[in-house]
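Residue numbers (this note's numbering), protein chains in the order written: chain D, 1 to 145; chain X, 146 to 265.
By construction, these hints were calculated from the structure, which means they are not laboratory data. Worth double-checking, as some hints may not be accurate.
As the list claims (entries may be wrong) - Ranges of calculated distance between the beta carbons of each label pair, as one might list FRET restraints:
hint : chain 1 : residue 1 : chain 2 : residue 2 : range
1    : D       : 116       : X       : 218       : 16 to 26 Å
2    : D       : 53        : X       : 219       : 16 to 26 Å
3    : X       : 227       : D       : 100       : 44 to 54 Å
4    : D       : 50        : X       : 228       : 18 to 28 Å
5    : X       : 256       : D       : 53        : 42 to 52 Å
6    : X       : 260       : D       : 22        : 57 to 67 Å
7    : D       : 50        : X       : 249       : 34 to 44 Å
8    : D       : 22        : X       : 229       : 23 to 33 Å
9    : D       : 18        : X       : 222       : 14 to 24 Å
10   : X       : 203       : D       : 28        : 51 to 61 Å
Claimed, not checked - Below are the DMTMM-like pairs computed for lysine to aspartate or glutamate, each with C-alpha atoms no more than 20 Å apart in a straight line:
hint : chain 1 : residue 1 : chain 2 : residue 2
11   : X       : 236       : D       : 124
12   : X       : 236       : D       : 134
13   : X       : 185       : X       : 226
For each residue, glycine too, the CB sits at the ideal point set by N, CA and C.
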Amino acid sequence: MGLFDPISTAITGVNASETWLNAISDNIANMNDVTSTSQAAYQQRFVVMQAVPGQSGGTGAGAANDAAIGSGVAVTGIALGSPQGVEEYDPTSPLADKNGMVRAADVDLGQQMTNMMLAQRGYEANLATISQAENAYQAALGLHV
Amino acid sequence: MSNVFGDVATSAIYQAMQGLWAEQQAAANNIANVNTPNFKAQDVDFESSLAQAIAEGDPSQMQLTTSTSTAPADQNGNNVDLATEMVSSQKAGMQFQTMVDAMNAKFQLLSTAINGPSAS
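Kindly produce the complete structure, drawing on both the sequences and the hints.
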């Protein structure tokens, strides 16, 4: 168990939430993208997160079990949604094919907004952890004879 | 003669700090994974083991045990309850502060014994 573990763990959470927020903003920014049907639509960005297992090497009583406490979260990749998008009828568009169809991005704004709230909540909770751990460090620094 | 710096009280306070630190770490990890699909929250327990170790006169025998929470999971397989974790983190922090105060009080006693009452 390292000295600054709670803080570094919380930072992994802040970073993961931030990556998710970035992906969400990308999705929302591109939700109205339109291409011709011969091209791929904007592919929705999905953030893939995975828990990071704890590292062994703790000392003292219970070290073996101590290793079991995880050390945060990691973004292991960005998955892309379908390039199919949704075909829409828009014959006035200069991109429309002979049937009047265009390919629009398949992004659900409601879902993105909900995800944004989740990501924001995660971001804030991790920041609260940091300040909480900071208080504990401050307390420990107050040890004196 | 027993070691004045390694008595049961000092050792117990030290072990409690270790345990609380692990609790803090577990809460931090659970919060970091609040949005991770299929993640299951981890719980840390040391109190019962510490109580037993103190009763047996050697707090350093305390065992930290971590377990996986069996709370019902969300749709995405995650069972972290943010409110519980925030409270657990705050509680561990306040208990840690209390342990620091206890350790300071213990040092104060030693200081008084060494230097006499006027020195402090």
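Comparing the hints with the structure gives:
1. D:116 x X:218: 16 to 26 Å: Once the Cβ atoms are compared, 22 Å apart, the range 16 to 26 Å for residue 218 (chain X) and residue 116 (chain D) holds.
2. D:53 x X:219: 16 to 26 Å: holds, 21 Å
3. X:227 x D:100: 44 to 54 Å: holds, 48 Å
4. D:50 x X:228: 18 to 28 Å: holds, 24 Å
5. X:256 x D:53: 42 to 52 Å: holds, 43 Å
6. X:260 x D:22: 57 to 67 Å: Since residue 260 (chain X) and residue 22 (chain D) have Cβ atoms about 59 Å apart, the given range 57 to 67 Å holds.
7. D:50 x X:249: 34 to 44 Å: holds, 41 Å
8. D:22 x X:229: 23 to 33 Å: holds, 29 Å
9. D:18 x X:222: 14 to 24 Å: Distance hint for residue 18 (chain D), residue 222 (chain X) holds at roughly 23 Å.
10. X:203 x D:28: 51 to 61 Å: For residue 28 (chain D) against residue 203 (chain X), whose Cβ atoms are near 59 Å apart, the range 51 to 61 Å holds.
11. X:236 x D:124: holds, 18 Å
12. X:236 x D:134: Roughly 14 Å between the alpha carbons, so the hint for residue 236 (chain X) and residue 134 (chain D) holds.
13. X:185 x X:226: With Cα atoms ~10 Å apart, residue 185 (chain X) and residue 226 (chain X) stay inside 20 Å; holds.
The structure fails none of the hints (numbered hints given earlier).
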